[in-house]
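Participant: Listed below are the residues making up each chain.
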Amino acid sequence: MNSRVDLAQDAGQQVPSRVRIQTGLPSGRTATTVEAMVAPELVFDSRGVSIFYGAKQALSDVNLGIRRGQITALIGPSGCGKTTFLRSLNRMNDSVASFRIEGQILYHGHDIYGSAVDRVEVRRRIGMVFQKPNPFPKSIYDNVAWAPRNLGLRRGLDERVESALRGAALWDEVKDRLKDSALGLSGGQQQRLCIARAIAVEPDVLLLDEPASALDPIATGAIEDLMHSLKGRFTIVIVTHNMQQAARVADRTAFFSLETGGAKPVGTLIEVDETVKVFGEPRDPRTRDYVSGRFG
Amino acid sequence: MSEQLIPDPAAPLTPSGNLRRRQIVSRGAEVAATAAAVAAIAVLAIVIWTVVARGAKAIDLEFIFTGYPTGVGPMLLGTIVIALVATAMAMPFGVLIALFLTEYAGARGTRLLKLTLDLLNGLPSIILGLFVFALLVDHKQQSAFSGSLALAIIELPLIARGSQEVLQLVPKGLREASDALGVARWRSVLTVTLPTAIGGIVTATVLAVARAAGETAPLILTTSVFDPKAFSVNPFEALPNVPTWIYKLSEEGNPEGFTEAWGMSLLLVSFILFASLGARALLARSKRKLSSP
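Chains as they are written, first to last, in the numbering used here: chain X, 1 to 296; chain C, 1 to 293.
Be aware that one or more of the hints could be misleading.
Said to hold, decoys possible - With a straight-line cut-off of 30 Å between C-alpha atoms, the simulated DSS-like cross-links for lysine-lysine are:
| id | chain 1 | residue 1 | chain 2 | residue 2 |
| --- | --- | --- | --- | --- |
| 1 | X | K132 | X | K179 |
| 2 | C | K287 | X | K132 |
| 3 | C | K287 | X | K179 |
Said to hold, decoys possible - Interface residues of chain X toward chain C, partial, derived using beta-carbon atoms under 8 Å:
| id | residue |
| --- | --- |
| 4 | N90 |
| 5 | A97 |
| 6 | R123 |
| 7 | W146 |
| 8 | A198 |
Hints were generated in silico from the structure; no laboratory data involved. Glycine is no exception: its CB is placed at the ideal position from the N, C-alpha and C atoms.
In isolation and in its complexed conformation, chain C is listed as follows:
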């Protein structure tokens, strides 16, 4: 025996053998992991800071409330309309899918549907845009509605999966209680399950809207040829909207246009950040309410 693994038990408890080297490796791994985590925060911080620094000077009341060339009001209005129409289509569908998953589906149906939703969620938005383009726009005309349809497909899996996760938190005891009272399942769903989970369903929807509001590719294909001066809420014509306008201005190489694009980016980013943070706070509240009755 050349080397003794455990030295004299009576020796002082300072590092011995290769412990010093192992400590250095361990330290290095910890530093690398921490640095990666900090980098993630830094990326978000730098992006936000850049958008604020370059966009803040473009924003004033005129910018928000007037049309081209002084402001981007029509684009903001158009984006709101497109997102609302998309959500009006996606939310009922998404919640029904979530209810199917939690209340009615068998084990195999659940697995298949969850996989489908996750795959749908992973589809590139340009593909969905192209699909809607071929379906509704090609040989016809662009419309905000077709843009909304593409965004609805993007929102659908987010709403369905998010709602399903919250619906699953509704205690089994509540379902049993309503079953045992001789009330039909659907009435239980409407008057007990959904009200209990409503906070989470709203959260999932807001997060989906925040995601869809910034989607650009489908809108370029479906609602990009518009009059930037016209305030319109008619979803059956091409409506001005924020993402395609940012894209257009960035392509032009006009310094004023760049500032305007940054200004719109700031508005969009603020909406998405506030919506996400607000929705998360709401979700945390409703989860707390569900888990500690």
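If we strip away everything but chain X, and leave its shape as in the complex, we get:
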């Protein structure tokens, strides 16, 4: 359990002792969460998270730890709440008026929804790439330089843009036309540009919401290769509909499903484990049905 405290210190966070004590406490986990024998470094620690949109409950009691430097895939059928969960990791759901969250999402020990937490600062550290590529209607260069400029990181901007574009495996394709509009790029290039834009501010975490679902197989392959190369530098959480994609890229996989125990179906975390185990020898029959294609 001490490793979590170490982690907070590693990351250079100013952790008040109160929070440090809190993070050291054993969490009230349910049987759905699997902890490795040695507690791994957790970037996110979701404890009993339930999410509501107005009266409708989208997610129920999610306990999920997301490990540092790894790729964690969230899979499951449509409407199971995996995207909702992803978007609550960097408070992108805050703009939904009826959104309400119960439980705690700890990020390096800090409650993401704590009262003193500024959501702009949260997103500064936790970047996100969306399902549909959404470059700004600006030049390729300005797309990547936009956030650093607005965050006051003006020194060495050219180098920063280049290294972000190299990081996103896009540099060689665009280095001669940095001043051209980003809207002239292909869909796959636009999505890699969005990834470059996100890593240009050197976030700690990258959240990817079905980043390849709007792309053809070749562009999808490029994005998956890119994720492998970004692993380790960033902690990555990816939502995907595509089980093969999860199997190809993710270290760990979390399977969400719709549970119809109550009156209305509610998204629930069924199982989380090493990807090979989730796909090879799932413990829960619902996971087995899903990954074997019998349902969803």
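Here the structure of chain X is known, so what remains is to put chain C in place on it, guided by the hints.
Facilitator: Only chain C this time, still in chain X's reference frame:
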């Protein structure tokens, strides 16, 4: 069964029963609708033609650039000053209101504010003129500024609603993208949303100026006692201006004055037409740019 609704299926496919009568009614409705549409175009065409036919002979360089009695230069200059001052007041306000509507307001605030703007837009200009008259002119003195204030109130809802419609077209994905990069909302608005929508905002402003440039009633109350010979740009005195001068000349019953009034009308109508058409072309361009990235 006296009448068979569907006749013998094998009969030739020519009109049967009351179909012929129904066809005539249908034809009549189509003709009436088309005629009404043509009439609308005809009204605009006849108005423009009349203004051009009667005003064209008054217009030459002397008419545009000299003062009374040979030309109307001071009125043109005054109208430009009044419209500029009005727009300088209305545009920032209007754009801020539009930003409030699209970026910050909740559902109830949006509905209330939209209703307010539409009601404000429907207020007769004479009422606004009277309001500004009571506020700034009565017991004091007329000034171009008070005229501008009245025109600014007229422009405000047009700019706010027009800008809001374009701001709404800015794709949601762009807002999400800038939010997700950890940049404060206001900086996103300044550097992403506004530049993306600027074409539409300019359009809305130009359309509002075109509307305000011809407003007469508020100016009669606020800036109508002026020296038609003096070229002045001082907004704190009553400035000569086109609409009140057209009004004055038309009241006099002097044939030369009529020609002059038509000449000014032609200048005003040309400005409004070109501004509106130009603004619409610009709007169409920026909408195309927004909808097909």
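Participant: Does the interface hint hold: is A97 (chain X) within less than 8 Å of chain C, judged Cβ to Cβ?
Facilitator: Result: holds, 7 Å to nearest chain C Cβ.
Participant: Does the interface hint hold: is R123 (chain X) within less than 8 Å of chain C, judged Cβ to Cβ?
Facilitator: holds, 4 Å
Participant: Check whether the Cα positions of K287 (chain C) and K179 (chain X) lie no farther apart than 30 Å.
Facilitator: Answer holds: K287 (chain C) to K179 (chain X) is near 23 Å, not above 30 Å.
Participant: Between K132 (chain X) and K179 (chain X), is the straight-line Cα distance small enough, at 30 Å or below?
Facilitator: holds, 23 Å
Participant: Would the stated hint for A198 (chain X) survive a check requiring a Cβ distance to chain C of less than 8 Å?
Facilitator: holds, 7 Å
Participant: Is the straight-line distance between the alpha-carbon of K287 (chain C) and that of K132 (chain X) 30 Å or less?
Facilitator: holds, 20 Å
Participant: A closest beta-carbon separation below 8 Å is what the hint needs, so does W146 (chain X) meet it against chain C?
Facilitator: Holds, because the Cβ-Cβ distance from W146 (chain X) to chain C comes to roughly 7 Å (cut-off 8 Å).
Participant: May I ask you to test the interface hint for N90 (chain X) with respect to chain C, counting a Cβ-Cβ separation under 8 Å as satisfied?
Facilitator: Where the cut-off is 8 Å and the nearest Cβ of chain C is about 7 Å from N90 (chain X), the hint holds.
Checked against the numbered hints above, the structure breaks none of them.
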